[in-house]
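Protein chains in written order, with our numbering: chain A, 1 to 112; chain B, 1 to 132.
The hints are simulated quantities; they were obtained by calculation from the structure and are not laboratory data. Remember, predicted model here, so these are calculated numbers, not experimental data. Cβ atoms here follow ideal geometry from the backbone N, Cα and C, with glycine treated the same way. It is possible that some hints are incorrect.
Label pairs and their calculated CB-CB ranges [to be verified]:
(1) A:Arg-57 with B:Gly-70: 47 to 53 Å
(2) B:Asp-67 with A:Tyr-29: 53 to 59 Å
(3) B:Gly-70 with A:Thr-17: 44 to 50 Å
(4) A:Pro-106 with B:Asp-67: 52 to 58 Å
(5) A:Glu-27 with B:Asp-67: 54 to 60 Å
(6) B:Asp-114 with A:Thr-94: 42 to 48 Å
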Amino acid sequence: MLMVTTPADPDDLMVKTRQEEVLRAMERYRPKGLVLDISGVETLDSFFARTVAETSRMVGLMGGRTVIAGMRPSVVIAATQLALTLGGILTALTVDRALDLLSAPPPRRRRA
Amino acid sequence: MSQPTQGDVPIKSENDIVVVRRVVRDLVTRLSFGVTDVTRAVTGASELTRNISLYAGTGIMWWTTLDRHGAAGLELRFEGHGLGISDIELAMKPGHGTSHGLGLGLPGAKRLMDEMEIHSELGKGTTLTVRK
Ligand SMILES: Nc1ncnc2c1ncn2[C@@H]1O[C@H](COP(=O)(O)OP(=O)(O)O)[C@@H](O)[C@H]1O
Ligand SMILES: [Mg+2]
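The task is simple: from the sequences and hints, build the whole structure.
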């Protein structure tokens with residue numbers, strides 16, 4: 001399993017760099033899944049959300065599943081008001097639950 | 001010592017998005033906004049600043065603290081240089097972004113803040129004023 005923690009207030013370059021690092025790590029370690037721990041994130045704007053959704057699709061193309069863990073309540077509220085969607089990615093309240101989700105067998109059919 | 005009640009942040013590149021976020025976060029924290037309103041204000045400011053960097057190229061954010069019926073508030077004015085928006089009503093509709101995004105920024109920022117006004121002059125630029 002690949003675990004990635006995102007910084008509290010990343011700029012665009014940091015977000016894109018992190019995306020590339022994730023894909024390289026997918027190739028190198030061939031994990032079954034990615035847990036993206038965003039519990040430290042204080043601002044989730046549309047660019048960040050789009051990059052997260054895109055990364056999860058890329059990880060999917062490499063055969064992995066992504067779970068987003070730990071979105072703060074204030075971030076949940078702001079993201080909902082902004083009408084952000086994460087493109088149907090699995091989410092979990094905590095990293096532990098994200099790991100549980102990933103160790104369970106995948107659903108038979110899943111939309112990308 | 002008294003704190004400043006207005007100021008500005010020039011927006012010259014993508015890097016200034018994070019600068020604006022930090023300034024707005026510090027301001028509304030100083031004004032004792034609750035954590036949800038802090039996040040709302042910072043997220044809205046992030047969207048409007050990104051729009052300036054994407055569509056206007058450069059601009060500036062002016063801020064002023066407000067006394068809103070006895071409670072502390074903040075006004076942010078995002079002045080984007082560039083061409084202006086030809087159809088504001090259309091731009092305000094969700095899903096009507098023209099290029100890079102999902103078209104959520106303007107309608108979203110309006111919901112995140114308490115008030116929003118757009119003023120656009122073709123050939124001159126666009127000013128978005130929000131209050132919270
Ligand atoms: N500051 C600005 N200057 C010029 N045009 C703008 C500005 N802000 C927004 N726009 C226009 O309004 C549209 C909608 O913006 P927005 O709702 O943030 O969606 P998106 O950024 O995803 O396209 C943009 O695509 C752009 O054409
Ligand atoms: Mg936008």
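Here's how the hints hold up against the structure:
For Arg-57 (chain A) and Gly-70 (chain B), the Cβ-Cβ distance of about 49 Å falls inside the hinted range of 47 to 53 Å, so the restraint holds. Between Asp-67 (chain B) and Tyr-29 (chain A), the C-beta spacing of about 56 Å keeps the proposed range 53 to 59 Å intact. For the hinted restraint 44 to 50 Å between Gly-70 (chain B) and Thr-17 (chain A), the CB-CB distance of approximately 46 Å keeps it satisfied. Separated by about 56 Å at the C-beta atoms, Pro-106 (chain A) and Asp-67 (chain B) satisfy the suggested range of 52 to 58 Å.
The beta-carbon spacing between Glu-27 (chain A) and Asp-67 (chain B), approximately 56 Å, falls within the hinted interval of 54 to 60 Å. One distance hint, 42 to 48 Å for the beta-carbon pair Asp-114 (chain B) and Thr-94 (chain A), is violated here, with the actual separation near 33 Å.
Of the numbered hints stated above, the single one contradicted by the structure is hint 6.
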